[in-house]
Amino acid sequence: MNKPFWTKWRHLMFVLLVPLVTSGCGERYLVLNPAGPVARIEQRLIILTIVMVLIVVIPVIILTAVIVARYRDRPDRTAPYMPEWSESKVLEVVWWGIPIVIIGIIGTFTVRDTFRLVKPQLPEAPLTIQVTSLNWKWLFQYPDQNIATVNYCKIPTNRPVEFVLTSDAPMNSFWVPQLGGQEYTMPGMAMRLWLQADKPGVYFGHGANFTGKGYAKMAFDVVATDAQGFDQWTKQVKASAPPLTKQGYKNLTTKQDIVGKQEFSSFPPGMFEADIRINGGMYMKHQLKEATD
Amino acid sequence: MPASVTNFATHFFVLGDPLIYGADASIVLVTLAILFVLTYFKKWGWLWREWLTTVDHKKIGIMYLIAALLMFFRGGVDAILMRTQLVWPGMHFLQSEHYNEIFTTHGTIMILFMAMPFIFAMFNIAVPLQIGARDVAFPYLNAISFWMFFFGAMLLNLSFVIGGSPDAGWVSYPPLAGPEYSIGPGENFYLLALQISGIGSMGTGINFFVTILKMRAPGMTLMRMPLFCWSVLAASILIILAFPALTAALALLLFDRLAGSHFFTMLAGGNPMMYINLFWVWGHPEVYIVVLPAFGIFSEVVATFSRKRTFGYASMVASLMTIVVLSYLVWAHHFFTMGAGPGVNSFFALASMIIGIPTGVKVFNWLFTMYRGRIRMTAPMLWTVGFIPNFVIGGATGVMLASAPTDYQYHNSYFLIAHFHQVLIGGVVYGMLAGMYYWWPKMFGHMLNERWARHAFWWFNIGFYVCFMPQYLVGLMGMTRRIYDYPGDMGWNTLNLVSTIGAYMMGIGFILLVLDVVYSIFYGERDKTGDPWDGRTLEWSLPSPAPHYNFARIPIVTARDAWWIMKEARRGDLTDVSTTEGVESVRVTQSKQTAPQSLKQSGPLQPIHMPKDSGRPFVLSVCFFIFGWGLVFQWYWMAIPGFLGILASLLARSFEKETSYHIPVEEIEKTEAAYGRL
Amino acid sequence: MTVAEHHLHEWEEDHDLPLEYSTEEGGLKIFGFWVFLVTDMLLFACVFSTYAVLFRHTNYGPTPVGIFDVKGFTAETLILLTSSFTSGLGTLFMRRGQKGALIGWVLVTIVLGLSFIGLELSEFIADVQNGATMQRSAFLSAFFTLVGMHGCHVTFGIFWMTSVLIQVAVRGINTVTAPKVFIVGLYWHFLDVVWVFIFTVVYLIGELT
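Chains as they are written, first to last, in UniProt numbering: chain A, 1 to 293; chain B, 1 to 678; chain C, 1 to 209.
Please keep in mind that the hints were generated in silico from the structure rather than gathered at the bench. Model, not experiment: these values are computed from the prediction. A few of these clues could be false.
[Said to hold, decoys possible] Subject to a maximum C-alpha distance of 30 Å in a straight line, what follows is the list of computed DSBU-like cross-link-like pairs (lysine-lysine):
#1 LYS71/C - LYS657/B
#2 LYS567/B - LYS43/B
#3 LYS42/B - LYS58/B
#4 LYS567/B - LYS89/A
Isolated chain A, as found in the complex (with noise of 0.2 Å):
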């Protein structure tokens, strides 16, 4: 190693570049770009996540090239030398103060933001879509309407959705990066997650947690459009699509594969209530309670 660190460091950062600079533009990253309040309280935290550490990052980072290049053992080194510095009470205070103050900025903001995304602050009663992940596929049931849908699911703007969530087959997870974070889907387990969308657009949302041989192609889109091309979109699959009967059910369930996408203008009552009852859900009774309240 001839060359001073430094210029190495200098190497470093060029290719650190490159990905940057190559990939385009940044709509591309979805979890930076909101569509909705969910996603957007979460971006924003990461941005102050990502300027706090940074300010340690950066100094520790510069602070690590100077000291190195500057007592780095060389013969004409005139840098002072002292073997048996080892305490200073000054500079301990200083770097356990540091981190103590930059990790209670962050803490006191994740905790408030932790009770703030339970649920929606809204006064408008939500959309309840309940949906259930199965190898290899996604079923979205809305109760309300008496539809259901396959591998994507159509939400109105500006209302909140609540995502009832459950598994009839292993852990899968529920997650739709434009318009909030994920949550997993367990058998037996009705968990709720609340997103919202502010514009129409369809958004990518992919299974998080993995169930085996077809878990890559859990993609599913998430279309959103005003209340008015959702209620004719209900209308539509509720007259022309056919119904998801008991066996139907059996198939989508039994069936290991990968479906494309698929409507049914009606589905079998306490379907997914009993699901949740017999995969563990009867243990758990305020589950059970949110699931079919």
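Start from chain A and add chains B and C according to the hints.
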């Protein structure tokens, strides 16, 4: 061939994949080559006497090191295969099932069969020498630990060609890994391999905990111990308190699979979430089990190669112990999205972030150990300095992940993948490689070549950033982990291509490292002094490699950096000490009085009490292997004899009469004279 | 230099300490075994917590009240508590160097252990005959695993104690056998403590709810 035999063979052997036929062929060839070499050079007796039956911590350490490097290779090949599959969308290199097996074995091997033996290698090589002991507290148990690890690792590796690899991820969550969704022996291999090697790890934890607390040389108080020993003590406490949870989780899942019980099944009242909790109650401390020893190594390396005392020793110890306590309070951050409620999530988020504080303190202390020092950029120091920016970035993204609401966006995405590779590679692998370069002369009596080492480092280090920085970005673009294929229209393509290039660069770095080892075995500079780095701790007071009894006389320790103090006393430059603090002056006077005594080796030598070698740890572990193999395929005709063999080995040990012997003074004198130390 | 000399003569006996602690090796083994007991206790703790999570998950099958036999588990408890006492007496006589009394009390302990295992096995067999098998429900899986794991420990302890007993009978009480007697005694007391928790958490709470 009768139909039953054909049927058996097609289920027993994994057929139809060229990669696996390649593996079959290479396993057979390597085995034959090893058998041939051992027979041709008449080395069977040597192998048995010197290695398979040894209870010498130094040799056990070397065996751990070799095993760790081999497993690093296997896990690395897995990684290269995965990155090749992901180089662009729609790649037809691996099938989905095969990809799933490979990422499962990659994770399992890297954590349990690479990182664990690597840290145990360092424990064994350095700890007894650093604390001035002649062996660990329980040398026989130490040999058992190694062979249990070894046969556990064998069990998992054989699954690749026989029966089929596990394919439910290294966390092996039920019900995916349970009897309902995972048919075939793959998951059984995982469960039994981890269980068997886990017993070994538990033994190592107990062993080093007792060794460090009870076997230190006279005068070596806890606060005079080298920081590596502190980190081993911390890791041992973590092993003792964390591994039982893994044992429980694995055993219960095994019961589900073999006995039809209902702990984690979907039906009949099972609760899969219980497994996830048990797994991470072990799993998070496990991360600190592997990274704390790396911190210890960095502390040793930084002080040695800056020719300076460790800055803020007390702070370093305090931060280690704080991490030990906190690491038990954070396990739920692995599943913030499991719906525990805002109160629980807030608690675990805060606890996880707070770990960042003591870790940050350690980084500053390393930096200020270098500050006002004289830094020599040797191979161990390169890996240490490379570690700092790496770990600072990894730690920062860790704090980001710890923030529960944002974790909803990072969880199970490539952002998470990039983060934990950055702390596990940047922390553990860099640390272990630093330790390997550092203690190599002590183990083998020769140095590793510095030029090769620099090439290896730069390929690996730059390759690391090229590989993993794009993964942070692609994670923010919504790419989830464990997918063998991805849509081509998401903008992920370029980043994946770059990442794959980085993986290959790291592969080149690893090859260069192996070449360095091979080159140095033949041409490396021989270490005649026993102290090639101008070290500070007691292991450097011994010749390289150390005699099997380590210390002809147990040293008397008067201060931290015991060997440095002895050397200063010998050089007579104690007056140069620049500090004015009271503690320091006491230290100096003390060492003036006592150091020459221990150097001159006054008084006659005494016979040394040493444990006898034994083949039983090996036999016991073979029995465990047979037992485990029988259970994997539910061949009880095989499992039961294996189990009886385990009991018989334990009983035989209990009845053994002479487990130790004395080395006579003449033999010690002869050995020491051969080193030129008498 | 006295400390160092002591260290160099580690195999020599120190007569101020009880026999089992008198060599460095004996002391280390006992300390190491305490640490092992910590790990074993945590293993039990994990299975206890699994039981606590699953004990209401009866899958419409047998419930705790339905299968627990009050007389049976009370007798098991009394037997095991007594055996812990007799095992303690064994250690006491070992320290006094009375080989005969040591062997006698350890034998009593082994017999009590065997009768405990006999009772537990008959309880398990009765349960299985009534359809309460491990495969029936999560509750029963957890019950059989927790109580059975303790039973396996006791069985192992009986074999171990027998092996130590033979060694004492043949080789006498010395610095090698004394730590073994002491350690197997520790193990036995530990199993007793675990049983007290099983008695409370499994049987008492099971009967009360």
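Going down the list of hints, with the structure as the test:
no.: 1; hint: LYS71/C - LYS657/B; verdict: violated (45 Å)
no.: 2; hint: LYS567/B - LYS43/B; verdict: violated (41 Å)
no.: 3; hint: LYS42/B - LYS58/B; verdict: holds (24 Å)
no.: 4; hint: LYS567/B - LYS89/A; verdict: holds (29 Å)
Violated hints for the displayed structure, listed by number in ascending order: 1, 2.
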